[in-house]
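Chains as they are written, first to last, in the numbering used here: chain A, 1 to 119; chain B, 1 to 114.
Worth flagging that the hints you see were computed from the coordinates, not collected in a lab. Heads up, a few of these hints could be off.
Ranges between beta-carbon positions, derived for each pair [claimed, not checked]:
1) B:ASP67 with A:THR117: 38 to 44 Å
2) B:ASP67 with A:LYS14: 49 to 55 Å
3) A:SER15 with B:PRO29: 39 to 45 Å
In silico lysine-lysine, DSSO-like type, Cα no more than 27 Å apart, as pairs [as the list claims (entries may be wrong)]:
4) A:LYS64 with B:LYS1
5) A:LYS14 with A:LYS41
6) B:LYS101 with A:LYS66
7) B:LYS57 with B:LYS71
8) A:LYS55 with A:LYS41
9) A:LYS64 with B:LYS101
10) B:LYS17 with B:LYS101
11) A:LYS14 with A:LYS64
12) B:LYS101 with A:LYS20
13) A:LYS55 with B:LYS57
14) A:LYS41 with B:LYS1
15) B:LYS17 with A:LYS41
16) A:LYS55 with B:LYS17
On the chain B side, residues computed to face chain A include the following (Cβ under 10 Å) [stated by the list, open to error]:
17) PRO29
18) PHE30
19) ARG34
20) GLY43
21) VAL45
22) LYS71
23) VAL91
24) TYR99
25) LYS101
26) ARG109
Just so it is clear, the structure is predicted and the values come from calculations on it, not from any experiment. The beta-carbon is built from N, C-alpha and C at its ideal position, and this holds for glycine as well.
Chain residues, written in single-letter form:
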Amino acid sequence: GAVVSQHPSRVICKSGTSVKIECRSLDFQATTMFWYRQFPKQSLMLMATSNEGSKATYEQGVEKDKFLINHASLTLSTLTVTSAHPEDSSFYICSARSYSSGNSYNEQFFGPGTRLTVL
Amino acid sequence: KNQVEQSPQSLIILEGKNCTLQCNYTVSPFSNLRWYKQDTGRGPVSLTIMTFSENTKSNGRYTATLDADTKQSSLHITASQLSDSASYICVVSSFSGGYNKLIFGAGTRLAVHP
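Looking at chain A on its own, in the form it has when it is part of the complex (with noise of 0.2 Å):
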């Protein structure tokens, strides 16, 4: 149980071109779920929380309207990329949390991650 799938796994684009990363929830309704970027050889950076049904709360330093979210249902929160740029390129992975009685831990289940080259 607790699986989390992203979509696409890698994906290349030319620059100022937009691209949309899905997050779903495979086996369970995530209330919450959040978006990360990982450059090489760093630590997972949180950049947004997205709670379903309302606007997404960014990390200092995020641009909304760059990292545009949308979490439109309990299984699926979509993360575009507007106008990327070279260095926009990164791994992005999602995470979703559901607030259960089996999650007492409140634990977050990670996506696999996606890959974006913007070339």
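Could you slot chain B onto chain A? The hints should help.
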């Protein structure tokens, strides 16, 4: 400032050997501490989660310890296998302002050689 520091930064061991990874944290308030394994190009996978009242927790060949007084944790890997080669990330959860925040360590990159 909430911080999680891990050591060593990287480690090479021979297959079959044991190793111990360290994690020191200055996070308040403390909720729980997690160890994750992250294979290259993949998302983190949870190994153990411990609250302040749990001193040790095992998951197969992985054993984590927690000393909430000294704010230190360790992850011990027994009889290492080639598949243990990965980054191991220590993450401390802090519940504040009505929500849970994860503070990530930079990770220890473990390479297991035959």
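TODO: Quick one: which hint numbers does this structure break? Sort them smallest to largest.
DONE: 8, 10, 13, 16, 17, 18, 22
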